[in-house]
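2 protein chains.
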Amino acid sequence: MKTREACLEADRLDPLAPLKQEFFLPEGVIYLDGNSLGVQPKAAVARAGEVLNQEWAVGLIRSWNTANWFELPRRLGNKLGRLLGAGDDEVVVTDTTSLNIFKALAAALRIQQADHPERRVIVSERDNFPTDLYMIEGMIDLLQQGYELRLIDDELPLERALRDDVAVLLLSHVNYRTGALYDMAAVTGQAHRHGVLTIWDLAHSAGAVPVNLRAAEADFAVGCTYKYLNGGPGSPAFIWVAERHQDRFWQPLSGWWGHNRPFDMATAYEPAHGIRRFLCGTQPILSMSLVECGLDVALKADMAAVRAKSVALTELFIELVEERCGHHPLTLITPRDAARRGSHASFRHPNGFAVMQALIARGVIGDYREPEVLRFGITPLYLGYADIWDAVETLRDILDRGSWDRAEFCRRSAVT
Amino acid sequence: MKTREACLEADRLDPLAPLKQEFFLPEGVIYLDGNSLGVQPKAAVARAGEVLNQEWAVGLIRSWNTANWFELPRRLGNKLGRLLGAGDDEVVVTDTTSLNIFKALAAALRIQQADHPERRVIVSERDNFPTDLYMIEGMIDLLQQGYELRLIDDELPLERALRDDVAVLLLSHVNYRTGALYDMAAVTGQAHRHGVLTIWDLAHSAGAVPVNLRAAEADFAVGCTYKYLNGGPGSPAFIWVAERHQDRFWQPLSGWWGHNRPFDMATAYEPAHGIRRFLCGTQPILSMSLVECGLDVALKADMAAVRAKSVALTELFIELVEERCGHHPLTLITPRDAARRGSHASFRHPNGFAVMQALIARGVIGDYREPEVLRFGITPLYLGYADIWDAVETLRDILDRGSWDRAEFCRRSAVT
Numbered sequence: 001m002k003t004r005e006a007c008l009e010a011d012r013l014d015p016l017a018p019l020k021q022e023f024f025l026p027e028g029v030i031y032l033d034g035n036s037l038g039v040q041p042k043a044a045v046a047r048a049g050e051v052l053n054q055e056w057a058v059g060l061i062r063s064w065n066t067a068n069w070f071e072l073p074r075r076l077g078n079k080l081g082r083l084l085g086a087g088d089d090e091v092v093v094t095d096t097t098s099l100n101i102f103k104a105l106a107a108a109l110r111i112q113q114a115d116h117p118e119r120r121v122i123v124s125e126r127d128n129f130p131t132d133l134y135m136i137e138g139m140i141d142l143l144q145q146g147y148e149l150r151l152i153d154d155e156l157p158l159e160r161a162l163r164d165d166v167a168v169l170l171l172s173h174v175n176y177r178t179g180a181l182y183d184m185a186a187v188t189g190q191a192h193r194h195g196v197l198t199i200w201d202l203a204h205s206a207g208a209v210p211v212n213l214r215a216a217e218a219d220f221a222v223g224c225t226y227k228y229l230n231g232g233p234g235s236p237a238f239i240w241v242a243e244r245h246q247d248r249f250w251q252p253l254s255g256w257w258g259h260n261r262p263f264d265m266a267t268a269y270e271p272a273h274g275i276r277r278f279l280c281g282t283q284p285i286l287s288m289s290l291v292e293c294g295l296d297v298a299l300k301a302d303m304a305a306v307r308a309k310s311v312a313l314t315e316l317f318i319e320l321v322e323e324r325c326g327h328h329p330l331t332l333i334t335p336r337d338a339a340r341r342g343s344h345a346s347f348r349h350p351n352g353f354a355v356m357q358a359l360i361a362r363g364v365i366g367d368y369r370e371p372e373v374l375r376f377g378i379t380p381l382y383l384g385y386a387d388i389w390d391a392v393e394t395l396r397d398i399l400d401r402g403s404w405d406r407a408e409f410c411r412r413s414a415v416t
Numbered sequence: 001m002k003t004r005e006a007c008l009e010a011d012r013l014d015p016l017a018p019l020k021q022e023f024f025l026p027e028g029v030i031y032l033d034g035n036s037l038g039v040q041p042k043a044a045v046a047r048a049g050e051v052l053n054q055e056w057a058v059g060l061i062r063s064w065n066t067a068n069w070f071e072l073p074r075r076l077g078n079k080l081g082r083l084l085g086a087g088d089d090e091v092v093v094t095d096t097t098s099l100n101i102f103k104a105l106a107a108a109l110r111i112q113q114a115d116h117p118e119r120r121v122i123v124s125e126r127d128n129f130p131t132d133l134y135m136i137e138g139m140i141d142l143l144q145q146g147y148e149l150r151l152i153d154d155e156l157p158l159e160r161a162l163r164d165d166v167a168v169l170l171l172s173h174v175n176y177r178t179g180a181l182y183d184m185a186a187v188t189g190q191a192h193r194h195g196v197l198t199i200w201d202l203a204h205s206a207g208a209v210p211v212n213l214r215a216a217e218a219d220f221a222v223g224c225t226y227k228y229l230n231g232g233p234g235s236p237a238f239i240w241v242a243e244r245h246q247d248r249f250w251q252p253l254s255g256w257w258g259h260n261r262p263f264d265m266a267t268a269y270e271p272a273h274g275i276r277r278f279l280c281g282t283q284p285i286l287s288m289s290l291v292e293c294g295l296d297v298a299l300k301a302d303m304a305a306v307r308a309k310s311v312a313l314t315e316l317f318i319e320l321v322e323e324r325c326g327h328h329p330l331t332l333i334t335p336r337d338a339a340r341r342g343s344h345a346s347f348r349h350p351n352g353f354a355v356m357q358a359l360i361a362r363g364v365i366g367d368y369r370e371p372e373v374l375r376f377g378i379t380p381l382y383l384g385y386a387d388i389w390d391a392v393e394t395l396r397d398i399l400d401r402g403s404w405d406r407a408e409f410c411r412r413s414a415v416t
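These protein sequences, in sequence, are chains A and D.
For the first sequence, the working numbering begins at 1 and goes up steadily by one.
For the second sequence, the working numbering begins at 1 and goes up steadily by one.
No lab work stands behind these hints: they were computed from the structure.
Heads up, the beta-carbon is just placed ideally off N, CA and C, and yes, glycines get one too.
Keep in mind that a hint or two might mislead.
[Stated by the list, open to error] Here are the simulated lysine to aspartate or glutamate pairs, EDC-like style, with alpha carbons at most 20 Å apart: (1) A:Lys79 / A:Asp296; (2) A:Lys42 / D:Glu50; (3) D:Lys20 / D:Asp302; (4) D:Lys42 / A:Glu50; (5) D:Lys300 / D:Asp11; (6) D:Lys20 / D:Glu9.
[As the list claims (entries may be wrong)] According to the in silico footprint, chain D covers these stretches of chain A (three or more CB under 8 Å from chain D): (7) 41-50; (8) 282-292; (9) 342-348.
[Said to hold, decoys possible] To spell it out: a stretch of chain D is covered by chain A in this simulated footprint if at least three of its residues, at any positions, have a beta carbon under 8 Å from a beta carbon of chain A; those stretches are: (10) 41-50; (11) 142-149; (12) 286-294.
Kindly produce the complete structure, drawing on both the sequences and the hints.
Structure follows, in structure tokens:
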């Protein structure tokens, strides 16, 4: 597509274009940061009103039964599971991604401890999103049982890291900075051949790329609902466990919501059967309720169509940037092969931070990641081809004029 | 007060009565369950609208800076701290009570491990709210370091449980079932004399009874915001640590929100200075934002006046029940001495569950707790003396008619 008109024509032919109507999009904004915080489904306002004005204000305590608040984690988990290739009652929406990593890690280590107590290494990636590493570090420090963290990077590729001392491999399906995508089935198979259990962090893939946890024979997965799933700022995260581990898994954040009979008020913890034992304490009902609005839109779309459009938009974005801004010092750090990337594209620029601030000031909202990285999220449910065209034109204009250079910008980042 | 007229007169003279206007109270309801889920501050609807329509829908990712979302846990914590006798930057609002117990327990055990590694017992109370016990059990199971849980009860009073092998004492300030209140300063002193660190669960006391964590020389405290603080269903909890432990404390749920420089995306975890290191993952912004509405009302009231009214209403409730329903098999299980109870009163009745269902059907909402316990929360910010009168009259009418006996009720409890 070499012209804006061609982009508009592609928008007219786009089968997913009607879904844009399901979202509130602020005027004058091209939003390329849905991989950090998704936009608002229009249904969210009415749903919030229901929770506030009926369920809380009038129903009060009765809403635990009448509005089925207690069932929300499982009910939403079942909807979400359909996007992830999970079975019924294999997913719950609860807590934060960080906490769910802790639970999955504890569960995986416990299984290995029983079968292969000599395995004391947890493998992750140096370039993983930091909280994944921090949670592993916290667990190792807490346990004081000689566990260690081994990080794969340019010097230590995965195949050399997966030795017989490894208990667990924790990877992000899509890298938060570069957008690089792992082949989940292949890597899981590789891990299993070494006797290693896998935990997949789907924060940057759930709702953006096809995920089939069962087909990949993954062991555990966690992820967040506020990016491509449009659940709202800081909306609760999710956790999945493979059915084959359901009888064995255990987790130490054993709050009363995970008890088999929470209202018996028994003294001894007795885990619920199935995935509900991954629950811990009382959940933020208002924030959690809105997750459903985003899921309902996502479930209207065919994931293959979403992926096809994501690939087409990302290709277009990369092509246009390289063609139209090619005389500026921009370096693509996202894989060129569509099969190896998720749904965002990142370029380094020596003045990345200032350029991104100038873009945002012009209504093209992406984000900045250290070092020097301009990150652009491509969300097929509400972006079109002409949006990509216009975004690149704005970038070109800013770079050509050097206008990012003229202002002072406070060097303060937003949240991934 | 022997008549409804006397109660109405007391309401007219009540200096806290105007605060009732700050809350939405459904018509035809006398709400005696604010110790389970508080009512809705009227300001919450406007605040939710702001978060939904401005901060999320329009501000999108920019709101992490412009609406200061990242600072919410600390900002709300500082407001809440004024109700708890805490210093600035000693409290954060975050996660759930269960998770905050885990953090405080890990921190306390780590301190003891350094100073007194031989102390391997955690003392709590058999009648404590179950999640407190479950979290201790989960920690013990996870650590596999020979820790054990010792429960005080009728047979093992606190003074005999606090031996030299004890590391940590975890108690609820107010018991969720009986309403019994500990003297925090006295018990903390007793624990300290035995070299034991204290964790106080303030779920049933924050906003209901005077709490002065600094004066009591407590070590750690946690609690929830959705009961007497009216933060909304499942609104985030809080955690406090004494200033003297701030340099030493450590906790294993070390997510990126607790990192000293979260946006550097460093590989190694480096805890923030002060209480912020008790944060873990991204918080549910909508649910958290509404906590402020409840706090703002609570801060308008003088806590001594709140306590005085709580005592007066609870006295009145107990007196009236015993006078007017005394011919029915009701047994008070709450301490008669006002100095030894929090802000709710509980009676056993052999048909407790059915009686409570009948009360709820008549608009008098308390709750039921195993075994046979009718629990009535007394919330001075929005209840008056005539409400108490009317509630007791409804109870008397139901008991006199035996009308609780005539219907079949599903035996399903609501959430504490």
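Hints versus structure:
For the hint pairing A:Lys79 with A:Asp296, the CA-to-CA distance comes to about 8 Å; that is within 20 Å, so the pair holds. A threshold of 20 Å between alpha carbons decides the hint, and for A:Lys42 with D:Glu50 the separation of about 15 Å falls inside it, so the pair holds. Annotation: proposed proximity of D:Lys20 to D:Asp302 holds, straight-line Cα distance about 14 Å (limit 20 Å). For the suggested pair D:Lys42 and A:Glu50, the alpha carbons sit about 15 Å apart, so the restraint of at most 20 Å is met.
Pair hint D:Lys300 plus D:Asp11 holds up; C-alpha atoms about 18 Å apart against a cutoff of 20 Å. A threshold of 20 Å between alpha carbons decides the hint, and for D:Lys20 with D:Glu9 the separation of about 16 Å falls inside it, so the pair holds. Counting residues of the segment 41-50 of chain A whose CB lies closer than 8 Å to any CB of chain D gives 3, so the stated coverage by that chain holds, three being the minimum. Evaluation of the coverage hint for the segment 282-292 of chain A: fulfilled, as 8 residues show C-beta separations to chain D shorter than 8 Å, against a requirement of three.
Requiring three or more residues with a Cβ within less than 8 Å of a Cβ of chain D, the coverage given for the segment 342-348 of chain A is violated, as only 0 such residues are present. Counting residues of the segment 41-50 of chain D whose CB lies closer than 8 Å to any CB of chain A gives 3, which reaches the minimum of 3, so the coverage claim holds. A count of 4 residues in the segment 142-149 of chain D with a Cβ less than 8 Å from any Cβ of chain A is obtained; the coverage claim is therefore met, three being the minimum. Evaluation of the coverage hint for the segment 286-294 of chain D: fulfilled, as 4 residues show C-beta separations to chain A shorter than 8 Å, against a requirement of three.
Violated hint for the displayed structure: number 9, the only one.
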